[in-house]
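Could you build the full structure based on these sequences and the hints that come with them?
Number of protein chains: 2
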Amino acid sequence: MSADPIGRLIRELARLPGIGEKTASRLAFHLLRAPDSQSRELAQALVEVKEKIRLCEVCMNLTEASPCALCSDGRRDGRMVCVVAHPPDLYAIERTGGFRGRYHVLHGVLSPLDGIGPDDLRLKELLTRLAAGVDELIVATSPNVEGEATALYLAKVVRPLGVKVSRIASGLAVGGELEYADGVTIAKALEARRPM
Amino acid sequence: MSADPIGRLIRELARLPGIGEKTASRLAFHLLRAPDSQSRELAQALVEVKEKIRLCEVCMNLTEASPCALCSDGRRDGRMVCVVAHPPDLYAIERTGGFRGRYHVLHGVLSPLDGIGPDDLRLKELLTRLAAGVDELIVATSPNVEGEATALYLAKVVRPLGVKVSRIASGLAVGGELEYADGVTIAKALEARRPM
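Chains as they are written, first to last, in the working numbering: chain X, 1 to 196; chain R, 1 to 196.
Don't read these hints as lab results, they were simulated from the structure. A portion of the hints provided could be inaccurate.
Remember, identical chains collapse to one label, so a pair may be satisfied in a single copy or spanning two.
Stated by the list, open to error - Below, in silico cross-link-like pairs of lysine to aspartate or glutamate (DMTMM-like), each with a Cα-Cα straight-line distance of 25 Å or less:
{"id": "1", "residue 1": "Lys164", "residue 2": "Asp73"}
{"id": "2", "residue 1": "Lys22", "residue 2": "Glu41"}
{"id": "3", "residue 1": "Lys22", "residue 2": "Glu48"}
{"id": "4", "residue 1": "Lys22", "residue 2": "Asp4"}
{"id": "5", "residue 1": "Lys22", "residue 2": "Glu51"}
{"id": "6", "residue 1": "Lys52", "residue 2": "Asp4"}
{"id": "7", "residue 1": "Lys188", "residue 2": "Glu136"}
{"id": "8", "residue 1": "Lys156", "residue 2": "Asp73"}
{"id": "9", "residue 1": "Lys22", "residue 2": "Glu94"}
{"id": "10", "residue 1": "Lys22", "residue 2": "Glu146"}
{"id": "11", "residue 1": "Lys52", "residue 2": "Glu41"}
{"id": "12", "residue 1": "Lys22", "residue 2": "Glu64"}
{"id": "13", "residue 1": "Lys156", "residue 2": "Glu48"}
{"id": "14", "residue 1": "Lys156", "residue 2": "Glu191"}
{"id": "15", "residue 1": "Lys124", "residue 2": "Glu57"}
Every value quoted in this text rests on a predicted model; they were computed, and no experiment measured them.
Right under this line is the structure:
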């Protein structure tokens, strides 16, 4: 229907997650109306990110330089390693500014239904790091079925190496209301109650 | 926070309408995980659309070849021209398959508050076309304040040229419910009632 390069751009935009045909069409016509520089800069950013970004050889996070800035920062405590499933999880923790240890990115969680087993995660790299003097492994996968399964598997594999394994707490979100919290979360929060 | 090319991609994606910082970040990390080809193809589509798409010299629609396919289609009735504000409006009408005349794209509507006057629209090109034997001009701008103002202005300018000017009907949407329609639309539908 629309001239071919427009149709192609709409199809490419619609491949992005959460972007349907209608949104893709709206974005395409917006870009057509916008100055050339906007499309060009977006295209350059797309190419550049794929050319320059690779995995840090230590923590497996996405980085321009390997080892990454977090791994080469001498002020961070290398004896404490926080394991996350995906890079955005790492940034979510880093934004809080509350963690001064190092990270390890698994690039996935165990999910037998999707055919993702231990060999599909960056586990070998983690075990190599643990051999070199790590005291505590904090497992910060999400508190859902796959995240919990991954945490349990990690604990089983890592504990024999003499490394302390801990799990981030589950409970009520700060600022949330007990009345509207789901039952499983309330049960977890009661179970994990702390003396005050 | 994130490595620079990632931050740059997130910023570029967040410039798109309706895409906030969080969605942009989700899209960027999706692209990083996806095969290189997806980013490359999107980048190519972005560049190509800007290189190849221009305005049809006749109807002002976006096209690869000028005159466009619609203007060079000899089976279409050139004595009937449908005026729309933007290219997506044209595709919306064309998708219905119910119109066999030609189009003219204004690339905007009159909007004094935004400083958009008649000289900012593709009006001169329209008047030139009308001189060359057009019987009826169908004004298909949206039925909102700017669309109506543009329609009234067009009628005033075009009628003296001896061209019949008509306006697409306003009324209840087909399949909609009277109970939930807004008052102005119901009033319009009553006013424009037709014998049956």
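Query - Hints that the structure is at odds with (numbers, increasing) - result: Checked against the structure, the hints that fail are numbers 8 and 13, while the rest are satisfied.
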